[in-house]
Each structure stands twice: as C-alpha cells, then as structure tokens.
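Q: Chains as they are written, first to last, in the UniProt record's numbering: chain G, 1 to 588; chain B, 1 to 588.
Think of the hints as simulated: they come from the structure by calculation, not from any bench. Treat each hint with caution, since some may be false.
In this list, chains with the same sequence are indistinguishable; a pair is considered to hold if it fits within one copy or across any two.
Think about it this way: if two alpha-carbon atoms lie no more than 30 Å apart in a straight line, the pair counts; the simulated DSSO-like pairs of lysine-lysine are [stated by the list, open to error]:
hint: 1; residue 1: 223; residue 2: 453
hint: 2; residue 1: 531; residue 2: 218
hint: 3; residue 1: 218; residue 2: 384
hint: 4; residue 1: 531; residue 2: 572
hint: 5; residue 1: 540; residue 2: 189
hint: 6; residue 1: 308; residue 2: 223
hint: 7; residue 1: 189; residue 2: 531
hint: 8; residue 1: 384; residue 2: 308
hint: 9; residue 1: 453; residue 2: 218
hint: 10; residue 1: 549; residue 2: 189
hint: 11; residue 1: 562; residue 2: 208
hint: 12; residue 1: 567; residue 2: 384
hint: 13; residue 1: 453; residue 2: 540
hint: 14; residue 1: 308; residue 2: 583
Number of protein chains: 2
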Amino acid sequence: MSCHHPWHPIISAQKATVRASFSLSLSNSLNNSPLVSQEIKTIDKLQPKPGPNSCPLTPIDFLERASVVYGDCPSIMYNDTIHTWSETHRRCLKLASSIVSLGIKKGDVVSVLAPNVPAMCELHFAVPMAGAILNTINLHLDTTAVLCNLLQHSESKLIFVDSQFASLVQEAISIFPSNLKPPTLVLIKDEYYGNCANDYYGYVDYEKMVENGDSGFKWVSPKSEWEPITLNYTSGTTSSPKGVLHSHRGAFLICLNLLLDWSVPRQPVFLWTLPMFHANGWSYTWSLAAMGGTNVCLRRVEAPSIYKAIERYNITHMCGAPVVLNMLTNHPCKKQLESPVHIMTAGAPPPAAVLGRAESLGFIVSHGYGLTETGGPVVTCAWKQEWDHLSLLEKAKLKARQGVKTVGFAGVDVVDADSGVAVTRDGLTTGEIVLRGGSLMLGYLKDPEGTSKCMRDGWFYTGDVGVMHPDGYLEVKDRSKDVIICGGENLSSVEVEAVLYSHPAVNEAAVVAQPNRYWGETPCAFVTLKKDSVEKLSEKKIREFCKAKLPLYMVPRMVVFKEELPKTSTGKIQKFLLREMAKDLRRS
Amino acid sequence: MSCHHPWHPIISAQKATVRASFSLSLSNSLNNSPLVSQEIKTIDKLQPKPGPNSCPLTPIDFLERASVVYGDCPSIMYNDTIHTWSETHRRCLKLASSIVSLGIKKGDVVSVLAPNVPAMCELHFAVPMAGAILNTINLHLDTTAVLCNLLQHSESKLIFVDSQFASLVQEAISIFPSNLKPPTLVLIKDEYYGNCANDYYGYVDYEKMVENGDSGFKWVSPKSEWEPITLNYTSGTTSSPKGVLHSHRGAFLICLNLLLDWSVPRQPVFLWTLPMFHANGWSYTWSLAAMGGTNVCLRRVEAPSIYKAIERYNITHMCGAPVVLNMLTNHPCKKQLESPVHIMTAGAPPPAAVLGRAESLGFIVSHGYGLTETGGPVVTCAWKQEWDHLSLLEKAKLKARQGVKTVGFAGVDVVDADSGVAVTRDGLTTGEIVLRGGSLMLGYLKDPEGTSKCMRDGWFYTGDVGVMHPDGYLEVKDRSKDVIICGGENLSSVEVEAVLYSHPAVNEAAVVAQPNRYWGETPCAFVTLKKDSVEKLSEKKIREFCKAKLPLYMVPRMVVFKEELPKTSTGKIQKFLLREMAKDLRRS
Numbered sequence: 001m002s003c004h005h006p007w008h009p010i011i012s013a014q015k016a017t018v019r020a021s022f023s024l025s026l027s028n029s030l031n032n033s034p035l036v037s038q039e040i041k042t043i044d045k046l047q048p049k050p051g052p053n054s055c056p057l058t059p060i061d062f063l064e065r066a067s068v069v070y071g072d073c074p075s076i077m078y079n080d081t082i083h084t085w086s087e088t089h090r091r092c093l094k095l096a097s098s099i100v101s102l103g104i105k106k107g108d109v110v111s112v113l114a115p116n117v118p119a120m121c122e123l124h125f126a127v128p129m130a131g132a133i134l135n136t137i138n139l140h141l142d143t144t145a146v147l148c149n150l151l152q153h154s155e156s157k158l159i160f161v162d163s164q165f166a167s168l169v170q171e172a173i174s175i176f177p178s179n180l181k182p183p184t185l186v187l188i189k190d191e192y193y194g195n196c197a198n199d200y201y202g203y204v205d206y207e208k209m210v211e212n213g214d215s216g217f218k219w220v221s222p223k224s225e226w227e228p229i230t231l232n233y234t235s236g237t238t239s240s241p242k243g244v245l246h247s248h249r250g251a252f253l254i255c256l257n258l259l260l261d262w263s264v265p266r267q268p269v270f271l272w273t274l275p276m277f278h279a280n281g282w283s284y285t286w287s288l289a290a291m292g293g294t295n296v297c298l299r300r301v302e303a304p305s306i307y308k309a310i311e312r313y314n315i316t317h318m319c320g321a322p323v324v325l326n327m328l329t330n331h332p333c334k335k336q337l338e339s340p341v342h343i344m345t346a347g348a349p350p351p352a353a354v355l356g357r358a359e360s361l362g363f364i365v366s367h368g369y370g371l372t373e374t375g376g377p378v379v380t381c382a383w384k385q386e387w388d389h390l391s392l393l394e395k396a397k398l399k400a401r402q403g404v405k406t407v408g409f410a411g412v413d414v415v416d417a418d419s420g421v422a423v424t425r426d427g428l429t430t431g432e433i434v435l436r437g438g439s440l441m442l443g444y445l446k447d448p449e450g451t452s453k454c455m456r457d458g459w460f461y462t463g464d465v466g467v468m469h470p471d472g473y474l475e476v477k478d479r480s481k482d483v484i485i486c487g488g489e490n491l492s493s494v495e496v497e498a499v500l501y502s503h504p505a506v507n508e509a510a511v512v513a514q515p516n517r518y519w520g521e522t523p524c525a526f527v528t529l530k531k532d533s534v535e536k537l538s539e540k541k542i543r544e545f546c547k548a549k550l551p552l553y554m555v556p557r558m559v560v561f562k563e564e565l566p567k568t569s570t571g572k573i574q575k576f577l578l579r580e581m582a583k584d585l586r587r588s
Numbered sequence: 001m002s003c004h005h006p007w008h009p010i011i012s013a014q015k016a017t018v019r020a021s022f023s024l025s026l027s028n029s030l031n032n033s034p035l036v037s038q039e040i041k042t043i044d045k046l047q048p049k050p051g052p053n054s055c056p057l058t059p060i061d062f063l064e065r066a067s068v069v070y071g072d073c074p075s076i077m078y079n080d081t082i083h084t085w086s087e088t089h090r091r092c093l094k095l096a097s098s099i100v101s102l103g104i105k106k107g108d109v110v111s112v113l114a115p116n117v118p119a120m121c122e123l124h125f126a127v128p129m130a131g132a133i134l135n136t137i138n139l140h141l142d143t144t145a146v147l148c149n150l151l152q153h154s155e156s157k158l159i160f161v162d163s164q165f166a167s168l169v170q171e172a173i174s175i176f177p178s179n180l181k182p183p184t185l186v187l188i189k190d191e192y193y194g195n196c197a198n199d200y201y202g203y204v205d206y207e208k209m210v211e212n213g214d215s216g217f218k219w220v221s222p223k224s225e226w227e228p229i230t231l232n233y234t235s236g237t238t239s240s241p242k243g244v245l246h247s248h249r250g251a252f253l254i255c256l257n258l259l260l261d262w263s264v265p266r267q268p269v270f271l272w273t274l275p276m277f278h279a280n281g282w283s284y285t286w287s288l289a290a291m292g293g294t295n296v297c298l299r300r301v302e303a304p305s306i307y308k309a310i311e312r313y314n315i316t317h318m319c320g321a322p323v324v325l326n327m328l329t330n331h332p333c334k335k336q337l338e339s340p341v342h343i344m345t346a347g348a349p350p351p352a353a354v355l356g357r358a359e360s361l362g363f364i365v366s367h368g369y370g371l372t373e374t375g376g377p378v379v380t381c382a383w384k385q386e387w388d389h390l391s392l393l394e395k396a397k398l399k400a401r402q403g404v405k406t407v408g409f410a411g412v413d414v415v416d417a418d419s420g421v422a423v424t425r426d427g428l429t430t431g432e433i434v435l436r437g438g439s440l441m442l443g444y445l446k447d448p449e450g451t452s453k454c455m456r457d458g459w460f461y462t463g464d465v466g467v468m469h470p471d472g473y474l475e476v477k478d479r480s481k482d483v484i485i486c487g488g489e490n491l492s493s494v495e496v497e498a499v500l501y502s503h504p505a506v507n508e509a510a511v512v513a514q515p516n517r518y519w520g521e522t523p524c525a526f527v528t529l530k531k532d533s534v535e536k537l538s539e540k541k542i543r544e545f546c547k548a549k550l551p552l553y554m555v556p557r558m559v560v561f562k563e564e565l566p567k568t569s570t571g572k573i574q575k576f577l578l579r580e581m582a583k584d585l586r587r588s
C-alpha cells in the first residue's frame, strides 16, 4: 500500500513533457489543434506495447460479446422501440464509421446533449469506437453562454443534439467567436417528442448516419488503456465546471467493480432514472452490455412515469441520487412494488428516514459514494448479516453510512487535510475524504494545477468531510464548504438535515451557514413540506422538534419554508444559492 | 482490436534488456542470485509511477477488506477448525512478517507442497505479502529427482511442506548439488493427518511462524502491477514442465472476471475439490476473500468425502476437472443433492453424457476453458435462455462446447497455425485456438524462446485444436498432439470419447493414435467400466456401439479394457502413456 508518489499517469515518467503538452494544448486551444491527441501521444509511452496479455482494458469490448451471447435479447427499450444486442452492435459500428466519415480523428472530442434516449446508449459505444472522446453535456446548464464556453473549452468537433435542445445549441453556436469553427451539429429526432425541429437546416441527421454507415467498420481500438474515453464536466455545485478525463482502463475497471459490488445478475432490466450524462450513468451505459441487460430509456424522470415503467417493463435495477428516492417515496402516486427493485443511490448522503421509507415500499436500497472524478460509486455500504436483526430505523442509520471501498478499488481514508495523516477511527473526528483506485480520473482537461492540487501523495483529495467509524466504515459529513463553523465548533449540515427529514411533514430540507456577528456562523434551514401534509408547521415547531433531538448549537437559528429547493440536474441541492439567500435574510 | 505487436510486457520497450536479463538469470541460475528480482527491475519501467489512479491492481487487497466487512464470518473450515476473516487477515500478516524474518527478499521464490489444507489458503496471501513469488508444487510429481530439479530451476529459497510430503522433500533436498543452498524447510503439521513428523529436525514450524509474527506488519505491496505473484509449473501432459509466471495484475483480473462470469454471490461456501496448486485453484484462493466466502478444505478428493462435505457445510460452489464430475456421477455413493451446488468444470472437454448425469443429480454445471497460462477459465459456455426448452441431451451437447470469451477477457479465435488467419466459422474447419487478455501469463521463467514461441502476433497460441461454430462459440477438438491422422483425415479423439462416454457401462474412456502401416494412424480406445455395471462388454460390442454413431474411419480399431487410466494430478488422462501402450499393442 505504498502509493505515495506525488504524481499520476498523466503526469508521469515524462512528467515535464506531459506538463508541457498540457500547457501547449492550453495555449493552442484557440488554434483548432487536436488538443487531446497531443496528450494521448505522451500517455502512449506509459503502457507496455500490446501483447496478448496487455491488450488495453476497455468497456467497448463488452458490445461485441453481447452481440454473440445476447444477440436476440433486448438491448434498448423506449416506448414502442425495441432493439436487440446484435442490432445495437451493428448500429454502433455504422454510427462509428459515419463519425469517422465526418472527419473526426483519434482524440477529438465529440459532444452529446440529450436526455436518456436510445441514442445516448449507442453513443457511449459509437463515439469511442470512432477513436473519439465522448463528452456528454449536463442538460441543465445555466445559460447559453456556459454551453458556448464549454464547447470551446473542450474543442468539440461534433455535437449530437436531441431535438428538445436543438435551439439551445444553435444559440450557443451563434455566439461562437468568429475565428473559431463551431462543432458540426447532428440532430437526434424523437418520434415520441413533439417538436421534431424540421425547421433547422444545415444539420446532419442521426438516423441517416446510422443508415449510411458501414457495419463492417473496424473500430478504432485504443493503443493504450490510458487513453481517454470520456470527458465529463462536473455538475454545478462547485464554482467553475472542470473537465474530468477518464481512461478506457478506468471505465473498464469501474464497470467490473460495480457489477460485482452490486451483485448484478445476467440480463437485468435497468430503468434509466440516473442521467446518462452524469458520470456516464455510473458506467451502467457500458455495464449493461457486459451482462446482456436491457436499457429502459426515459425522457423525463418523474414519479408517475417511473412507477409506470417499473410495472410495464418488470424493472429489476435502477440508480438515482437520494432526491429520486425521496420523490418516489413522497409522491402521492407512490405504491407498494409487486416485485422488489434494486436501487443504487449515491451522490449525496441520503437521510436515514428516506432510506427506511423506500425499503418499506419494496425497493432494495444499496448506498454508495463517489464523484464524477471516480467514475461512479467506489465506496459502498456493504451490508453485514449481523445487522439483519436490528430495527428498521437502526438499519437505515447503518445503511446511511457510505461504507467501505468496493472490491476492485484500492483505498479510502479520512485524513487531516494539512498533514495527510489519517484521523482517529472513532466516528467523531472529521477530516478530508481521500481515495485511490483504478477508476479515478486521468485528470482535469487543460488544468494541470487543478489536477495536481487534488491528486497528490498518492491520493485523490475529494474536498468532502467525513469520519471513519471504529468498524472501518466511512461516513460523509459534508462537502468541505458546506460545513458550518459555529462558535469554533464544526457542525455537519447533513446531521441537522437528517433530523429534519425524520419529521413526517417535511419533504426536503437543506441546512447552510448564515453569517452571525457573535458565533461566526449559525445553521439556517430551508424546508419544503409534503403536499398531502395536514399539519401546519411553524418555524417554532420545527425548532422545537430539532431541540428534542440535537444539541442546542446545532438547532437551526432560522427556518425558511420554500415551495421548492434549487437543484442541480443530478438532484444535488444547490447550497451555494441557499447560502446567498441566508446571508440576505440574516437577522440583525 | 489491434494487438498485433509480436511482444508482451516482459519482453517490451526495453526488449533487448529484458532478454538480456532473462539469459542472465539463466546463466546465473546456479549462482544463487535473486533471479526474478532482476526481471522485476525491468518490468518496473513498464508501469506508470504510482498515483491515486494507478495503484497496482492486486488480489492481495481483497484480504484487508474482507477483514473489515466479513471480519466475524468464517474464512476457512477444515474438520473442526474454523477461522474468521479477521483471524485469517491477522494470521497472514504475521506469517508474511515471519517469512521476511527468514531472510526472504522481494522477488524470491517461496514454494509450497501441500494438499488443500488451511495453510494453502493462507500462503496464497502471506507469500505475496512478504514480496515473494508463490510457487505451489504439483503433489503428484513423478520422482524426487523431478522435485529436486524444479526447486533448482525456480531457485526456491523457502519451502512449506505438509507433513505428508515431508520425507519426499527431505529426499529431494538430500540430492541437491553440494555447491547449492537448498531451500529452508517449514513443516505444516496437521492434527487431522496421522504422521506428524516429529522425527524431522532442522525444520521451522508453520504455527510457530504464525505465533511469533507481527500482526502490525506493513505488507510489501508491488511497485508495479506487472510484478510476478505466482510461479506454476504446468502439469505433466507436456514433456517438460514449464514455469508459468503470473502478475499481480493478471491475478486481479482473472478474479474479477471469473466472479462475474460465474455470478458468484456474496459469501459462497466453496468446497476445495480443485487442487489449489493447480493454477492457484483458478484464482478462487483469492476470490473467496473478495466475496467473503468460506474455504472448505479437503485433504483427499474422493466421492464419499465430497458428498459428506456438501451436506455438512451446505456447500454452494465447487470446481473440478471433468474427471471429478465423472467420479461424482458414477460412484456408488452418488445421491440426489438436497440443494443445488454450482460446479465449474474446465481443464479438458467434458463428455456431454457426463454433464447430463451431473445436472440430473442437482449439480448446476458451468463449463469453461483455460490453461495454467491463462490463470483459470477465460472462455466459458455462456448459456442462452433460448436453449432452455431443448432436450436434456441437446442441452448437454451445447454445454459441452467451450463457449465465448468471458466479459473481462479480450479475445479468443481459431486460426490456421501457419498463417495466423482465422478459420471459417462453420463448426467444422479445425485450427489452433489462440487467446488474448489481461490474465495471460507474463511468460515462462528462464525460457524466452518458449515464451516467444507461444506469444506472438498479439496472441497466445494454446497448442489446442478447435473449431468456431457459426454462432461464435468455440469448441475444443483436441490437444494438437492428440489429433489422430487417419488416412490423411484429422480425427478428433474427443468426439470418439464422447460416444464411448454415452455408453451406460463405460466409466472412463480415452482414444489415442496407434501407428498403422496403411492408414498412418488409427484410433485406439482405452476404456474402464463402471463397478456396478452388469453388462459384460467385449471389444466387439463396443465397436458395434461406435459404428452405429460414427463414420467408420472414426471407430476405434482396437479397444483395450483397463482397471484404471493413468492421470495427472489435475485429472487429465495422460495420453502420452496410452500412446506408448497403443504402440506396443499394435496389431501386425
């Protein structure tokens, strides 16, 4: 366990060279040069030359096997559309050949802006099969300007757009600097979505690309497993989006790791409630090919359509942030499931109360922890048989802990952020969560400083605050910047929220720091109530409820009732917006 | 899919250097130099320096996690001995520290000669944790001289010996050349085995090493995932044993791959019917730690003790060559299982009749194909739902095919041995089976010629003959040298054997080439009969049975009845011995 060298593959043996190529691509980034291929050239040197035992690990290999073993089984279902794995294999080969025909070269970035429709599944294979890097874009970007910036930052050469988002992309392209060539636009039409955008011109048609492609295409396999496969810009909870580069190796490893960790059987029926643009759907975009499973696509993630899909398709597996669980368990259309559905939740610490409610409806909840930078959950709350006899509440509390490293991951720890020394494993001492393992990103695109700031001393520093319990299980306490420092005490907003969620009338809750002249900061709660709740809740009642369960300094000084809380596309509550509100609301 | 460079990591960028170091270690092998560590030094350069995303992949990581998640669950059961995973973790750390105390350095070879007893499980972790390379020795070596040669070839520094084999090892050591230092001997005593060898002196005691070890030992993790973890000499079906070196990376990958492929759930109860010395028990020695399973140990693999263990321990999983399946289904003590037992079989093509009989007793048979060089089965017969409705016999025939590459493996094909071009996928055209993927060996120790002979053009040439069916499933037809060439026709001994096995009175059958003046070669069958068989079988009857099912040229010209067929320790019938007999028996 001695990974203590302060570098990572992308900045490696040829450290100076790679740094140089990073800066180079930065300075050349407005120069239309194949930016990433320069990085690839250097990465290439880091891998033994191909031999029978060192073929690059890549999840793309799953697709051909699926066409052999599961050729006649459904790969994708969307309304009345059904594809089989042999069809999907053929369509992806054709699509990849058409992408190459459009002039896309190895290492070019190809973007996609689409909800969870069939094309999203296909492009996860077809784009890497053309040798390009897949850049799936967050559907909930704030403004056209942000999208325009992102397309320039990634130097995207081609963008696939679902017709719902076509005008947004056209606007972004219209404000491109005149000296830059914007990406070519491919339109994904959807007969199940009204506006088919026939009025756009100058675009390439997705289905035409499939039709005209060559099913005998020899796909462009990576020369090194360290070559990038995807570029994901992190969601908006942090100030400026960063471009996370993942390698073929990393994607392969997270697939095997998560399939094993979640004990996914052959041919699962998977409902796409997690956005595929978010960390590539925690790698299930590829993993379902490995198991011959079915991708059930869903344009809009809403409780009624989820319950309908579960029944119609006999869903066995799904993923989602805790906010999806909360929605499913609070919505008036909620119902007892006829057969159990496995749901993996991650992305934010789930309140124990929400976990408990979901399980009582028949969801089998697995809980994990990961970031865009890890490719998916890499720490999960491995269940112990000895916990089976506990009460529902005690079980939910244990399950709300993030857990232990997954089998294929190398390590997780909680350390003092300055010294890097592990904190006492007492479940109380907080520190920064650090991670290491094969599915960690290569680094941030064009950001060597940002990369080396979080990847150092053999660990990836997450910026999340946690404790390590005496039994070796990790519990996330907060994002570093979400910690509230009240009179010198570190106060976990997550713990206060857990209490608020346990109130029967509360739908959602978020607690943030409010500046206070005397205490420095005090907790301020934002709360939404359940629609069918009869109880009239006052600020006072909420505070009394908290007083009964928390030390006084943790009880929110202010409780604000809202109709809705601001969220990112992946369901994370945007605390930075709430902090602004709290600042303005501050009592004198 | 373009792995066409004629080299592999161990002979790589620094090709010349590595070849040099190989020859060097060869010439220095009688010089007591740390042979393998020189190779390691070069391998080191092939891997990116450690960073959070490039920690070496190693199965040793599974153990610590098992101690956290499954700390109180049984790891090893043997008669009345029960260990938990936290005990096993502690014992392995202590053992590793004691191995280092004995002077073992990184890259040294440490041998073990023991049946499937608890120490075998522990040493699969403890030896690599000391930085050494684990060399488990075949228990059925022909002579003391072979063992002595092998210990010299591997330059083994330490040998762990079960008391049953202590005198054998002492003899081998006694004939060591006087200028060489033989390995230090550690005795593994077993209270359940009679002879506790108290009369041996000068040995180290296994349990003392555990007792006196340091449980706080910081284990010696590999600097590169390409460092060797094991050295396995191939079983005696080929003329001279070869030392197969596997890397930490390869072992890690075969573990994840096989667990997924076999859909092994958490906490399986695994009966050790496959020798752990054979390809490290197809990696389950490590994989059981990954899933928190139980190793149920068994000194002797016999039908009555297997059926007894299945009942006593509620066995869920086991592995074995087809010969084990045959034994279990033919032995008078055979019985219907109370709950189904998953059994993975590989190592030789199983006759469809044997598969059918096993399934009817309640075994759920998975069938795969691999070699010591692949670390375990890497091609398996993935089952298709559409086959469910077929007759038992048709099912067994389909299942007797070796199948498709496993999810984590890169490729399998059947090629013309000279041109390397893939044969027609018609299920008829035979060719040499080639493989590539992450769990392929590093190479043969001190044998660069042997290594480059079978690892070339990006493939590993297995020396096995097979066909590829139109549906992409592989079927093994024979070992190259087992093919019978009769009047210019290639004749598969395996196909003739399949017919013989379908005869109700036949216990085992092997068909080999017999020299013939006119035809060149003709098939000669060696047959053993079931003990409880009432039918008196004559050579004529057998030939008539075959005539009804085979073209005339495939019907054995001679049928020889035997009490027993000669076998290797892993249950492979030793056809080279039968060929010798057939030659002597030849009719004029």
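Q: With reference to the structure, classify each hint as holding or not holding.
A: Now for the hints, and whether the structure bears them out:
Taking identical chains as interchangeable, the C-alpha atoms of residue 223 and residue 453 lie at most 30 Å apart whether they share a chain (29 Å) or sit on different chains (24 Å). Taking the shortest Cα distances, residue 531 and residue 218 never come within 30 Å of each other, neither inside one copy (55 Å) nor across copies (56 Å). For the identical chains of this complex, residue 218 and residue 384 are inter-copy neighbours only, at 27 Å across copies versus 47 Å inside a copy, given an alpha-carbon limit of 30 Å. For the homomeric pair residue 531 and residue 572, the shortest alpha-carbon distance inside one copy (21 Å) is at most 30 Å, but the shortest distance between copies (70 Å) is not.
For the homomeric pair residue 540 and residue 189, neither the shortest alpha-carbon distance inside one copy (52 Å) nor that between copies (72 Å) is at most 30 Å. For a Cα distance limit of 30 Å, the shortest separation of residue 308 from residue 223 qualifies neither inside one copy, at 44 Å, nor across copies, at 52 Å. In the homo-oligomer, the alpha carbons of residue 189 and residue 531 never lie at most 30 Å apart, since the shortest distance is 36 Å inside one protomer and 70 Å across protomers. Only between protomers do residue 384 and residue 308 lie at most 30 Å apart by alpha-carbon distance; the minimum there is 29 Å, versus 33 Å within a single protomer.
For the identical chains of this complex, residue 453 and residue 218 are inter-copy neighbours only, at 28 Å across copies versus 40 Å inside a copy, given an alpha-carbon limit of 30 Å. In this assembly of identical chains, residue 549 and residue 189 lie within 30 Å of each other by CA distance neither inside one copy nor across copies; the values are 53 Å within and 58 Å between. In this homomeric assembly, residue 562 and residue 208 never come within 30 Å of each other (Cα to Cα): the closest approach is 47 Å inside a single copy and 68 Å across copies. For the homomeric pair residue 567 and residue 384, neither the shortest alpha-carbon distance inside one copy (34 Å) nor that between copies (44 Å) is at most 30 Å.
In the homo-oligomer, the alpha carbons of residue 453 and residue 540 never lie at most 30 Å apart, since the shortest distance is 44 Å inside one protomer and 81 Å across protomers. Proximity of residue 308 and residue 583 under a CA criterion of 30 Å is satisfied in neither setting, with 42 Å inside one chain copy and 72 Å between copies.
Of the hints listed earlier, those the structure fails to meet are numbers 2, 5, 6, 7, 10, 11, 12, 13, 14, in rising order.
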